[in-house]
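*Asks:* My request is simple: use the sequences and hints to build the entire structure.
Residue numbers (my numbering), protein chains in the order written: chain A, 11 to 402; chain B, 11 to 402.
Careful: at least some of the hints might be erroneous.
Treat identical chains as interchangeable: a pair holds within one or across any two.
[To be verified] Simulated pairs of lysine-lysine, DSSO-like, Cα-Cα distance not exceeding 27 Å: (1) K121 / K108; (2) K51 / K26; (3) K121 / K51; (4) K276 / K397.
Note that these hints are calculated values from the structure, not bench results.
Letter by letter, the chains look like this.
2 protein chains.
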Amino acid sequence: MKDPERIKRVASRLVKAYDEGYSVIAVVSAMGDTTDELIAKAREITSRPPRREMDMLLSTGEQISIALLAMAIDALGYPVVSLTGKQVGIRTDSVHTKARIQHVDTTRLMKELGAGRIVIVAGFQGVDDYDEITTLGRGGSDTTAVAVAAAVGAEVCEIHTDVDGVYTADPRVVKDARKLADISYGEMLEMASLGAVVLQPRSVEYAANHGVRIHVRNSSHDKPGTLVQEERCMEKDMVVIGVAHDTNVAKVAMLNVPDRPGVAYKIFSRLAEEGINVDMIVQTSKERQVTDMVFSVNSDDAPLARTITEELSRELDAGDVLVDDTLAKVSIVGAGMVSNPGVAARMFEALAEENINIEVISTSEIKVSCLIAAEHVERAVQALHAKFGLGG
Amino acid sequence: MKDPERIKRVASRLVKAYDEGYSVIAVVSAMGDTTDELIAKAREITSRPPRREMDMLLSTGEQISIALLAMAIDALGYPVVSLTGKQVGIRTDSVHTKARIQHVDTTRLMKELGAGRIVIVAGFQGVDDYDEITTLGRGGSDTTAVAVAAAVGAEVCEIHTDVDGVYTADPRVVKDARKLADISYGEMLEMASLGAVVLQPRSVEYAANHGVRIHVRNSSHDKPGTLVQEERCMEKDMVVIGVAHDTNVAKVAMLNVPDRPGVAYKIFSRLAEEGINVDMIVQTSKERQVTDMVFSVNSDDAPLARTITEELSRELDAGDVLVDDTLAKVSIVGAGMVSNPGVAARMFEALAEENINIEVISTSEIKVSCLIAAEHVERAVQALHAKFGLGG
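*Replies:* What follows is the structure, given as C-alpha cells:
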C-alpha cells in the first residue's frame, strides 16, 4: 500500500469480496517506504540498534497501515476492525527481527468474523511468550497471511503483489519468460529461496505444511496469477520449470580449520544462534587435519558472519577468514528433475558454453544451484532459460 | 523529542540520573510533528475516522519514540528496555481518543527496574479490558507519567517541557509575568483547566489523588522549575497566584428548552457519552416553561456539540441552537480566595475599567472565570495581572 489512493483501492477490493459473500481477512504490510524510513531513523541514532528495539520500531509501520485501511473501509460504510499481531494472537519465538510464527490463536479472529466484520491484520509482526513484540523479517507479511489462512481454514490465501505471478525466469532479464499457471510448493520454495522474490520462502514452507493454497496475483488488475498448491498439472511434462537467480549472495571461507569432530557443529550452531541463514556449504580437505570451510550467506548478513567466523577462527586456532560478496547464485528448478538424470550436466554445459566459471555447486531433489561471479549472472540466466526451452 | 540530537540529549540526561543512583523510568511522547502527520494521513482517507482506529494509528507515534530513545541509551552502553502502554500494563476505560487510566500494573516495571534497566514507557496510550489500544487525548503523556510515578511510589515526577515552569500569566502576553516556585494541586488544576497549558488537567488531578509531587521544568537546561505539591509556602500570602486564559472556547446556546425535570440530565449525559467536556453552564429562565441552556466547550468539540444539541433540540421540541466560537475565557486562580471575599468583584472591576463585556461567569472556591470576546483577551489578562499585583 503506497498512498491514500492505493489504500482506498484496496478497501474497494475487500468490500467487493465481502459483498460476494466471503468472510474477509486482509493481512497488510507497511506503506511504501515506511519501513526504510524507520530504519533510517534508527541509523541516525546508532549503527547497532538492539534487535528488540528494532522490532518495537518497525512494527509501527504495519500498525499505521491497518488503521488507515480500516478507516477507508469504514468510510465506505462497511463494518471493519484492525488488529495488531498481539491482538490477533500471532505467537512467535523470541528471535527478534527474524521470528518464526509458532501458533495463531483464532479466538479474536473468529469473534470478529462472526460479528460480520472485515478484519484487517498487521502483517510481519507477532508477540513471543513474554509479550515482547517480534517481527518476521523481510516479506514476513506473506507468512502472516498464510499462517492466518491456515488457522481459520481459508479457501485460498491471495497474495497481492506488483507482479503478475511466478515466471520461468525474471522477465527483466529474460525477454521471453513465461508466467506459470501453477507451481508446486516444493518448486515455489526453491524458486523463492533462490532469489525469485515473489514470496518469502518461510511462507511457502508454512503453506506446504498446512496445505494452504496460495494465489499470487497482481494487485493492480483482476487477471489470475499463479497458483501454488500440492499437485500441479505438469505443463508439457516440463523437467525444469524455471531459472532463478540471486545477486544478494556472499561467500565466506574459513581457511585451515582443524578437521576434528564437532567443529562444523560449533561453527554453524554459532551462526544459527545469531540468526544467520547459511545456504551452500562446502568442506574441502586440503591436507591431513585441516580443512577449508566454505559457505554462502545473504550479503546483508556478511558483516556479522565475518565477525562471528573471525572469533571462531581464533577459538579454533584456524586460519584466515575470506569474504567475497561479488558473487551470484543461479539455479534451475523442477520437480521432474528427480526422475530425469543428466539435468545437472546440461546446466554445467550451458554455463561452460558461456565461459562462466562455477565456484560452488549445490543440489537437491528438485534444483541445482551454482555460485558464479555476479557480473555473469544475466548471461547465465538467459543461457539456461534457452537451454531448457522455457521460452513462451 | 524533536529530532535525533534531541533524543540523544534526553538519553544523556537519563543516563546521568541513573549514574547518580536513581531507578529511572522515562515516559515519552511522540516526536515533533509525528502526531499531526498521522492525523493528516487519516484525513486523507476520511473526514470521520472511527475513534478506535485513530487510537490504533496515533499510538504508533509514541512507540517510535520509545524504540529510538532506547536505542540511544543502549548506544551509550546502559541497560534499557522500552515498553508500550500494553506492556507496562496501563489499563484504561474504553473511551477511545480520550481514555482515562484506571490502573497501572507494576509487575513488569518492577521486574525491569530490579534487573537494573532504565525503563522507557510510551506515554499517551493504554489498553482497555478487551486488549483494545486506547489513547488519553492531547497531553496524555503527562498523565501517563504521573500514573506510573504513583504506581511505583516515585520520589518525584519530573515533567520536562519547553517552558521554565508555571507563570503568574502567559509570559507572551504579560511582560512581567513571574515563574512560581511552587503551586498547590488545586491551583495547578485550575490553571491547567483554564488554558495555562503546562500540564494536562487530568495529570494534576491524578497527582493530587495519589500525592505525587510534580516538578515542571525546562528540558533544555538544569534550572529548577515549579513544584506542584500538597502544601505550598504561601508566597507573600498571595490571594491570587495567577491569571490564566484560553482562546480555545466555544459557547453553545440551546434556546427555548422545555423547563422540566430531567432535561439538563438528558442534554449533558448525551454530551458526556460522546466524550465532550462541558465547562461553564448557565441556565436562564426566560418565561414560564422554557429556558435557555448555555454552556461552553473546547472549540475542537464545537462541531460535534452542535450536531448533538441539534438532535436533542428536535427530540425535546426546543428552539434554535446557536454556536459562537469567537470567545475566550479569562480566569484568576488562588487558594487564598476562599477566605478573601471581594476578589471576584475586583476582577469584574478590572474588566469594566477596560470596557470589556462579560458573557458568562463561573466560580469555584479557588478561581473565577469570565467568558469574553476573544479579541479582548490579551488586554484582559494584562489588566488582571496588574490589578492583583502579580508582576515580578
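*Asks:* All hints are to be evaluated individually against the structure, with a verdict given for each.
*Replies:* Hints versus structure:
1. K121 / K108: Answer is between: at 26 Å across copies they meet the 27 Å cutoff, but 29 Å inside does not.
2. K51 / K26: between (38 Å within a copy, 24 Å between copies)
3. K121 / K51: Cα proximity of K121 and K51: none, with 37 Å in one copy and 29 Å across.
4. K276 / K397: Neither: 41 Å inside a chain and 82 Å across chains, both beyond 27 Å.
Hints 3, 4, counting from the list given before, are not met by this structure.
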